[in-house]
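A.B. asks: Protein chains in written order, with the numbering used here: chain L, 30 to 148; chain A, 217 to 705; chain Z, 19 to 246.
Quick caveat, the hints were computed from the structure, so don't treat them as lab data. Hints may contain errors.
[What the hints assert, rightly or not] If we take Cβ atoms under 7 Å as the criterion, some of the chain A residues that face chain Z in the derived model are:
| no. | residue |
| --- | --- |
| 1 | I236 |
| 2 | F237 |
| 3 | P271 |
| 4 | W279 |
| 5 | A280 |
| 6 | G284 |
| 7 | V325 |
| 8 | E351 |
| 9 | A359 |
| 10 | L364 |
| 11 | I420 |
Don't be surprised by glycine CBs; every beta carbon is placed ideally from N, CA and C.
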Amino acid sequence: MSFLNANTYYIAAFGLIFIGLYIVMAKKNLVKVVIGLSFVDSGINLLLISIGYIKGGTAPIFSRPGISPLKMVDPIPQALVLTAIVIGVAVLALALSLVVKLYQQYGTLDIRKIRGLKW
Amino acid sequence: MVNPVLLIAVPLGLAFSLPIFGLISKRLEKYLPVIAMLFNLSLSVYLVPRVLTHPIIVYIGGWAPPFGIDLFVGPVGIFFSVIIALVGLLVSIYAMDYIKEGDTGKYHVLFLLLLTGAQGVVLTGDIFNLFVFYEILCISSYALVGYLRDRDGLESAIKYLVQGSIGTGLVLTGIAFIYGLYGTLNMADIARQINSIKPAANFITLALIITGLGVEAAIFPMNAWLPDAHSSAPSSISAILSGIAIEIGVYAIARVIFTIFGATDILSFVALVGIITLLVGEMSALKQNNIKRMLAYSSTGQIGLIVFAFAIATSYGIEAGLFQILNHSLSKALLFLAAGYMIYRTGSMEISSFEGMGKRMPLTSLGFTIGAFSLIGLPPFAGFASKFLIVKAALTKGGGLYTCLIALALVATVIEGAYFFRVVQVLYFRGSNENVTRQEAPVVALVPFFVLAVLIIAIGIYPGPVMHVLNSATSEFVHRIAYIQGVLR
Amino acid sequence: MRKIIALIFLAILLWGITKPVSRIPFGTNKIKVAEHYITKDITETGAANVVTSVVVLYRGFDTLGEVTILFIAAIGLASILYLPRKKVSDEVLEESSLILRTGCRFLFPLILLFGAYIFVHGHLTPGGGFQGGAIIASGFALIFLSCRERVVSTVKLGVVESLAGMTFVAVGLIGLATGGYFLLSFLPKGTLNMLFSAGIIPVIYVAIGFKVGSELAGIIGNLMERTQ
Numbered sequence: 030m031s032f033l034n035a036n037t038y039y040i041a042a043f044g045l046i047f048i049g050l051y052i053v054m055a056k057k058n059l060v061k062v063v064i065g066l067s068f069v070d071s072g073i074n075l076l077l078i079s080i081g082y083i084k085g086g087t088a089p090i091f092s093r094p095g096i097s098p099l100k101m102v103d104p105i106p107q108a109l110v111l112t113a114i115v116i117g118v119a120v121l122a123l124a125l126s127l128v129v130k131l132y133q134q135y136g137t138l139d140i141r142k143i144r145g146l147k148w
Numbered sequence: 217m218v219n220p221v222l223l224i225a226v227p228l229g230l231a232f233s234l235p236i237f238g239l240i241s242k243r244l245e246k247y248l249p250v251i252a253m254l255f256n257l258s259l260s261v262y263l264v265p266r267v268l269t270h271p272i273i274v275y276i277g278g279w280a281p282p283f284g285i286d287l288f289v290g291p292v293g294i295f296f297s298v299i300i301a302l303v304g305l306l307v308s309i310y311a312m313d314y315i316k317e318g319d320t321g322k323y324h325v326l327f328l329l330l331l332t333g334a335q336g337v338v339l340t341g342d343i344f345n346l347f348v349f350y351e352i353l354c355i356s357s358y359a360l361v362g363y364l365r366d367r368d369g370l371e372s373a374i375k376y377l378v379q380g381s382i383g384t385g386l387v388l389t390g391i392a393f394i395y396g397l398y399g400t401l402n403m404a405d406i407a408r409q410i411n412s413i414k415p416a417a418n419f420i421t422l423a424l425i426i427t428g429l430g431v432e433a434a435i436f437p438m439n440a441w442l443p444d445a446h447s448s449a450p451s452s453i454s455a456i457l458s459g460i461a462i463e464i465g466v467y468a469i470a471r472v473i474f475t476i477f478g479a480t481d482i483l484s485f486v487a488l489v490g491i492i493t494l495l496v497g498e499m500s501a502l503k504q505n506n507i508k509r510m511l512a513y514s515s516t517g518q519i520g521l522i523v524f525a526f527a528i529a530t531s532y533g534i535e536a537g538l539f540q541i542l543n544h545s546l547s548k549a550l551l552f553l554a555a556g557y558m559i560y561r562t563g564s565m566e567i568s569s570f571e572g573m574g575k576r577m578p579l580t581s582l583g584f585t586i587g588a589f590s591l592i593g594l595p596p597f598a599g600f601a602s603k604f605l606i607v608k609a610a611l612t613k614g615g616g617l618y619t620c621l622i623a624l625a626l627v628a629t630v631i632e633g634a635y636f637f638r639v640v641q642v643l644y645f646r647g648s649n650e651n652v653t654r655q656e657a658p659v660v661a662l663v664p665f666f667v668l669a670v671l672i673i674a675i676g677i678y679p680g681p682v683m684h685v686l687n688s689a690t691s692e693f694v695h696r697i698a699y700i701q702g703v704l705r
Numbered sequence: 019m020r021k022i023i024a025l026i027f028l029a030i031l032l033w034g035i036t037k038p039v040s041r042i043p044f045g046t047n048k049i050k051v052a053e054h055y056i057t058k059d060i061t062e063t064g065a066a067n068v069v070t071s072v073v074v075l076y077r078g079f080d081t082l083g084e085v086t087i088l089f090i091a092a093i094g095l096a097s098i099l100y101l102p103r104k105k106v107s108d109e110v111l112e113e114s115s116l117i118l119r120t121g122c123r124f125l126f127p128l129i130l131l132f133g134a135y136i137f138v139h140g141h142l143t144p145g146g147g148f149q150g151g152a153i154i155a156s157g158f159a160l161i162f163l164s165c166r167e168r169v170v171s172t173v174k175l176g177v178v179e180s181l182a183g184m185t186f187v188a189v190g191l192i193g194l195a196t197g198g199y200f201l202l203s204f205l206p207k208g209t210l211n212m213l214f215s216a217g218i219i220p221v222i223y224v225a226i227g228f229k230v231g232s233e234l235a236g237i238i239g240n241l242m243e244r245t246q
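With the hints as constraints, model all of the structure from the sequences given.
C.D. replies: Written out as structure tokens, the structure is:
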């Protein structure tokens, strides 16, 4: 049990990553594949955030005087996650536009039918 | 003294302003990438002599590393900058006439940003910043592969996007591990501490990052997207993807292995993977009838050869690898650009439809032939020097493994010769000789052909000045301690 | 078949990943660069929100790249969904009901105001340019969904986007010209927890707010009108 308690966030993060990878590899609907990519992104973001967490820590903001800097959580992973989220959104938007166009051309989202080129 | 950060800031600023210029005049848009790359080329050539004596380290925002992001403008960085700016300039001149369909303004923005991303990757000294610029490179190439919006283009773009995103996801996971283990993101700072942790954790992190970067570099098990993406993109983009993007992937892998991890123990495995990539690529190229797919598979093969050369890891090997990168960038760009206009004139990508091109488009065919001969490694061209260096490096390294592998590499060269000679034969010696009207490519396209061909021949005959730069670049990869001390003064 | 291969692959990956993870203890303080940021933040940057000062100042170059990535996505999406000739929408859109229209008119300015508040106060409170921009874009999404007769010009959104991006680069270049470092915080630090403090952070966050807001609104607009 102590292993579970100590690593809950990591387990959740990798759970998300693995669910996402499984969706990307096993599903045949293009929209589901894109959803899988977004799962992977969320998992990695959760991993980054939990690496910077400190037990009982506060947000790294000096909003009022007298906040001790020692109990603040690590600000760098939060900054990195901000970047990673934006990258994820960008990829998602582009992927969706490609899916829309593909659907207009083929009339289907099944990747077994969209194969003019050899996979 | 000019600050090298302008190499990134100026193209970025121009790319942001391009939509506004587009509102003023649609004609203006296509000149902006040319201006930006001309600026980058002159600045990087101007910086070469300074950088060779002393690497320039730029602090962004005035924060000293490891607290801020730094640019490490060393010989390697400036070598790649010159290649990116040169090939970028020539391809953007070519694209002024070649790109007519679609929303051309957006094409030029994406093209300029792709080159800016590549520029950022080779200069930065921070691993997360490398990831960000790498994503700029990748995302703009996803969009450009699908630019023509035909069935093939869209399909290969989504394929490329899915595989590329998984790859960058692995890289980001690796970076998260690095941050968790070492608490820093500066490459030199990580390199300084890398041996303080047990090897198992390091090994997995390294494996994640290399696998992720390997997707963009198209190393063997991860190269499924490359032939589709390179063959269905517009030819100018194929030239950039083959000539620059995959080389940037190899650069990033070399930087991670040599500078950050100093992991010399995995290199024989990398050499093996490189040779497998080479053989798979060349074998698949041999049986293609579609010219662009053939060139794309040949790129996979060449990347395998470059990876093999780097994995030899002696200073000869790295030098040969860098030389081969230069040769491949110039020749493959020339091949794709020449093939682009031949396809445009015939309306078909089948090799058999190019019969009699030697008469119809003599200068374009000549350009194609020079590029092909240089990639095969025939004597007066640049390819001869680089392949010779690779063989020499493998033989001086010695050992049964490397001797066997270089023998396989020579077999691959023979295969390469076979399919390129087949195309050259179709160009010049097939088809009827009468009644052919000359339909040469326009002058804006002939300028890049001419410059690239002259460079390939000039470097083949006088490799001296290039070797001078490559010597310093090699020592930057080999002398890891000097890099660390240079950054963390 | 495909599923089994996927599962085997994932099992191998899982086995490998446990090794580095077990070396990264959860919830303990172990970080050296971050400690510098937290303890020196007020004297070096003057921003109350440490995350903001990391995002905009210490790692400002990443943020420039990040803004570029969003720009690429917006441009790439528009080029892929591009229609050669502007189709005059013949089909008359069904007008939305009075309640929807009134609610939308009432809420839209408030959403914009809230978004602006978030990005202007990025250096003092949680939030910043990206979050504020996303809120502004949600206001535009409301317009696209419920006030369909109102046309939002994607050209104007594009101009705002370009100007904001140029502002970011220009601020960086001014820093280079005045102090010799790209993205140098050349404005005074001011007093902690005041609106006009923390050097160039508010300027950059306002630019990012406009940029992200117009980009996301443009993305939503393009997906709406070009896919019907």
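A.B. asks: Hint by hint, which ones does the structure fall short of?
C.D. replies: 2, 3, 5, 10
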